[in-house]
Amino acid sequence: MKIPSIESVRAVAWVGSLILAGAFLWLAQQSSRSSDALWDMQHAACIEAAPAGNVACPERSARQQQRHHAWLMWLGGYLAAQLLFLGALQQVGRATLRLSSRHQIDLQLEQQQREATRQRLENLTTHVPGVVFELTQQPDAAIHVTYASAGALDVMGEPPWALMGRLQAITSKVHHEDLPLLEAQLLESMRQLSIWMVEFRFQHPLRGLVWLRVEATPQRHDDGSVSWYGLAVDVSHRKRIEAQVASVYEEVQVARAQTEALIDSASGTAIMVTDLGGRITRFSRSAEALLGWAADEVVDFVRPADLFEGAHQPLGDTPDVADLQQGQSTHFEGTLRRRDDRLIPARVTVTRLANMGALDQDAAYLWVMTDVSELASALQNAREAAGRLQTVTDNAPVLISQFDAQGRHVFCNRAYAEWWGIAPGVALGQTQQALFGEAAAMLAPSQGAALRGETLEQVIAPRPGRWLEIRYVPHRVASQIVGVFWVAVDVTERMQREATQKAFVSTVSHELRTPLTAINGVLGLVNGGALGTVPDEMTEMLTMAEQNGRRLAMLVNDLLDLDQLTEGKLTVRPERLSLSVALHEAVTLNQAYAETCSVRLEMVPPPHAMIRADAQRFHQVMANLISNAAKFSPAGAQVTISAEHLDRAVRISVSDQGTGIPLLFQPRVFDKFAQADSSDRRANHGSGLGLAIARELVELMGGEIGFESVDGAGTRFWFTLPRER
Amino acid sequence: MPDTLHHILHVEDDPAIRRIVALALGRVGGFEVRSAESGAEALHMLSQALPQLLLLDVMMPDMDGPMLLSQLRARDDTATLPVMFMTAKGSDDERAHLRQLGAVAVLEKPFDPMTLAAVVRQHWAAQT
Numbered sequence: 000m001k002i003p004s005i006e007s008v009r010a011v012a013w014v015g016s017l018i019l020a021g022a023f024l025w026l027a028q029q030s031s032r033s034s035d036a037l038w039d040m041q042h043a044a045c046i047e048a049a050p051a052g053n054v055a056c057p058e059r060s061a062r063q064q065q066r067h068h069a070w071l072m073w074l075g076g077y078l079a080a081q082l083l084f085l086g087a088l089q090q091v092g093r094a095t096l097r098l099s100s101r102h103q104i105d106l107q108l109e110q111q112q113r114e115a116t117r118q119r120l121e122n123l124t125t126h127v128p129g130v131v132f133e134l135t136q137q138p139d140a141a142i143h144v145t146y147a148s149a150g151a152l153d154v155m156g157e158p159p160w161a162l163m164g165r166l167q168a169i170t171s172k173v174h175h176e177d178l179p180l181l182e183a184q185l186l187e188s189m190r191q192l193s194i195w196m197v198e199f200r201f202q203h204p205l206r207g208l209v210w211l212r213v214e215a216t217p218q219r220h221d222d223g224s225v226s227w228y229g230l231a232v233d234v235s236h237r238k239r240i241e242a243q244v245a246s247v248y249e250e251v252q253v254a255r256a257q258t259e260a261l262i263d264s265a266s267g268t269a270i271m272v273t274d275l276g277g278r279i280t281r282f283s284r285s286a287e288a289l290l291g292w293a294a295d296e297v298v299d300f301v302r303p304a305d306l307f308e309g310a311h312q313p314l315g316d317t318p319d320v321a322d323l324q325q326g327q328s329t330h331f332e333g334t335l336r337r338r339d340d341r342l343i344p345a346r347v348t349v350t351r352l353a354n355m356g357a358l359d360q361d362a363a364y365l366w367v368m369t370d371v372s373e374l375a376s377a378l379q380n381a382r383e384a385a386g387r388l389q390t391v392t393d394n395a396p397v398l399i400s401q402f403d404a405q406g407r408h409v410f411c412n413r414a415y416a417e418w419w420g421i422a423p424g425v426a427l428g429q430t431q432q433a434l435f436g437e438a439a440a441m442l443a444p445s446q447g448a449a450l451r452g453e454t455l456e457q458v459i460a461p462r463p464g465r466w467l468e469i470r471y472v473p474h475r476v477a478s479q480i481v482g483v484f485w486v487a488v489d490v491t492e493r494m495q496r497e498a499t500q501k502a503f504v505s506t507v508s509h510e511l512r513t514p515l516t517a518i519n520g521v522l523g524l525v526n527g528g529a530l531g532t533v534p535d536e537m538t539e540m541l542t543m544a545e546q547n548g549r550r551l552a553m554l555v556n557d558l559l560d561l562d563q564l565t566e567g568k569l570t571v572r573p574e575r576l577s578l579s580v581a582l583h584e585a586v587t588l589n590q591a592y593a594e595t596c597s598v599r600l601e602m603v604p605p606p607h608a609m610i611r612a613d614a615q616r617f618h619q620v621m622a623n624l625i626s627n628a629a630k631f632s633p634a635g636a637q638v639t640i641s642a643e644h645l646d647r648a649v650r651i652s653v654s655d656q657g658t659g660i661p662l663l664f665q666p667r668v669f670d671k672f673a674q675a676d677s678s679d680r681r682a683n684h685g686s687g688l689g690l691a692i693a694r695e696l697v698e699l700m701g702g703e704i705g706f707e708s709v710d711g712a713g714t715r716f717w718f719t720l721p722r723e724r
Numbered sequence: 000m001p002d003t004l005h006h007i008l009h010v011e012d013d014p015a016i017r018r019i020v021a022l023a024l025g026r027v028g029g030f031e032v033r034s035a036e037s038g039a040e041a042l043h044m045l046s047q048a049l050p051q052l053l054l055l056d057v058m059m060p061d062m063d064g065p066m067l068l069s070q071l072r073a074r075d076d077t078a079t080l081p082v083m084f085m086t087a088k089g090s091d092d093e094r095a096h097l098r099q100l101g102a103v104a105v106l107e108k109p110f111d112p113m114t115l116a117a118v119v120r121q122h123w124a125a126q127t
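Each protein sequence line maps, in turn, to chains D and W.
0 is the number of the first residue of the first sequence in numbering that gives the first Met the number 0; add one for each residue after it.
0 is the number of the first residue of the second sequence in numbering that gives the first Met the number 0; add one for each residue after it.
Source of the hints: derived by calculation from the structure; they are not laboratory data.
The hints are all genuine.
Which residues of chain W face chain D? A partial, calculated answer using Cβ under 8 Å: (1) D13; (2) I16; (3) I19; (4) M58; (5) P112.
Chain D side only, calculated, beta carbon under 7 Å to chain W, not exhaustive: (6) T513; (7) L524; (8) G527; (9) A529; (10) T570.
In this text, a Cβ means the ideal position worked out from N, Cα and C, and glycines have one as well.
Construct all of the structure, not just a fragment, from the sequences and the given hints.
Following this line, the structure appears as structure tokens:
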């Protein structure tokens with residue numbers, strides 16, 4: 000029961016009193032008017048009935064008095080009514096006061112209960128993983144958020160109070176792709192009063208796009224508006240997993256499609272699938288092409304064995320098809336029989352499928368059959384080529400072998416095996432180290448260098464006294480070094496011959512020079528006058544003997560130099576020399592010889608310079624040029640020695656006044672054993688090696704040699720030597 | 000070491016060359032030259048008196064020039080005795096090898112007896 004308040008009671012009192020007063024006033028007036036009218040009517044009748052005034056008709060003043068009485072009566076009535084009304088109201092007010100204090104207590108209790116309920120609700124909503132919310136349709140048909148629990152802060156990134164208000168403020172953050180569905184379902188829910196359930200992407204201010212799931216129950220109010228009570232939760236994690244699952248599923252689909260495509264597209268390779276019972280369940284297009292059977296003719300009708308001719312030839316220790324474990328494969332070579340009875344050599348791989356996901360459920364074995372007829376003929380060709388190669392190399396007097404990148408023999412010929420004393424087959428797959436031990440250690444560095452891309456040659460004695468000249472060539476396949484070719488010649492004989500030759504040259508030179516030393520020494524002493532005077536005629540003879548002794552000595556020297564020159568062993572040891580000192584020495588050393596030719600040696604004072612030369616070799620060159628000049632000069636002539644600066648060198652010249660070098664002979668001046676005219680009257684030309692050796696020496700010292708000759712007007716030989724700063 | 004060279008000991012197995020060198024250095028060059036025919040004799044003579052220079056043949060029976068030199072280098076009194084080799088071996092390698100053994104010079108055979116003394120003197124001057 001609703002309890003009126005004291006204020007309302009008071010208000011009723013005032014209003015009631017006024018109404019009462021008004022009512023009495025109005026009634027009194029009405030009554031007075033009607034009484035007036037009645038009195039007037041009776042008064043008029045009275046006057047009419049008793050004309051002339053004999054009849055006692057009431058006086059007007061009486062009516063006035065009557066009216067006052069009436070008014071007093073009304074007033075009294077009104078006061079009584081007012082008193083009654085107020086009294087009643089007072090009773091009501093008292094009762095109200097009493098009731099209202101009891102009601103206050105009731106209200107407080109109710110408030111507390113309500114608060115507890117609210118608290119419980121809040122606890123509940125706070126701990127619900129999501130946002131508990133209420134949406135209410137407003138009179139203007141707009142939908143407002145009228146409640147949102149504390150979970151809003153986590154799920155939507157906004158405090159609950161910020162979400163209150165038009166729903167549109169929230170839907171503006173929904174991903175544009177998901178919004179139409181969300182709105183359509185909300186509308187549907189409103190119309191059908193069905194549960195509103197939707198998942199959509201929502202722009203979370205901190206986490207970016209999150210997936211939210213909303214589930215709300217609508218309720219229609221009496222006024223026709225609708226409210227929803229529901230829950231919104233973050234389902235991003237679940238969505239991610241769903242997406243992953245979807246992508247994996249998609250990959251599986253793609254893989255399956257690829258496998259199918261592969262099976263159908265492999266050309267020259269037939270693929271078929273059989274089940275555990277040996278029934279063909281799948282026969283690829285390539286299989287159709289290879290075997291001439293259509294898939295329809297084969298599937299369910301033909302067994303794998305029917306496709307092969309005769310027995311299989313297993314490759315190595317491969318298990319039988321029936322014994323295969325899941326995931327295991329077996330290989331064999333077989334002959335396929337085509338529909339037209341043509342036979343095809345094939346290499347077959349059968350795999351017991353471990354995972355049937357990508358293939359038919361009843362698949363058990365995958366058969367891959369490759370046409371190897373081309374391969375077989377190529378192999379035959381290769382075998383023949385290898386055979387030819389082996390025959391050719393076995394009959395070559397050269398050691399030939401080939402190594403892989405790990406230094407293991409890939410190939411060797413008979414000469415190689417024989418040289419090392421092994422059977423030809425033994426080497427294959429073995430390293431030299433393993434086979435030949437210490438001897439191979441000597442070869443290892445060169446082999447290593449070849450594996451790094453170097454082509455090199457080596458003369459070495461891997462076995463005592465047995466020499467090999469080895470050539471290592473990197474074996475390249477597509478610019479990658481995959482091994483080394485090894486070609487060697489046994490040069491033991493050559494090495495022995497060379498050693499003997501060397502010993503012989505050394506011995507000969509010593510054995511020739513020792514007596515020559517004695518002969519030339521004696522003749523030198525006698526001719527030099529060290530032993531007293533000699534008769535003139537004898538002097539002439541002795542001088543001839545001495546000159547020939549010297550020629551012989553020079554010949555021996557030239558032969559030795561020639562030997563070294565041929566060997567490429569002629570060496571120089573350049574040092575810093577004074578040009579003028581060296582030239583003066585040269586003049587001094589060759590003075591005696593010049594005198595025997597009756598030739599004067601003249602030196603133009605040389606410029607000051609330091610040169611880089613081997614002193615002994617310098618004098619050898621000078622002796623050569625000066626003796627040549629002296630020999631070819633007429634008696635009494637002059638041989639001029641001069642020097643001049645060039646840019647980075649000095650040029651030393653020896654000029655004579657002889658007959659010059661014949662034009663035809665000029666190109667051969669520096670050749671070995673070259674002589675212009677062996678019938679020259681002096682017959683004193685020496686070995687013909689001098690200029691060849693001189694050129695070699697000058698070039699070894701970093702210079703050049705040349706000449707200018709004018710027939711009949713003499714010759715100028717020159718050579719250059721590097722200048723020292 | 001005195002600046003002027005006087006006393007030379009020549010070791011050579013070939014008697015003819017011994018004689019020629021003695022004349023070339025003695026009579027022509029004016030040195031005081033003594034000769035030994037073997038390494039053993041040279042060692043004996045060195046123990047009596049030390050020359051200023053030893054002129055040493057390379058190829059000799061029993062004890063060759065380099066062997067004799069190494070023995071001299073091991074003795075206190077001859078450790079720094081200047082030595083020149085005379086050799087009939089012509090190759091560059093051999094000459095370089097002899098020089099490395101510590102020879103003042105390597106003279107070649109055959110030689111000009113009339114200028115031998117001058118050559119020796121020249122090398123002597125160069126090393127002092």
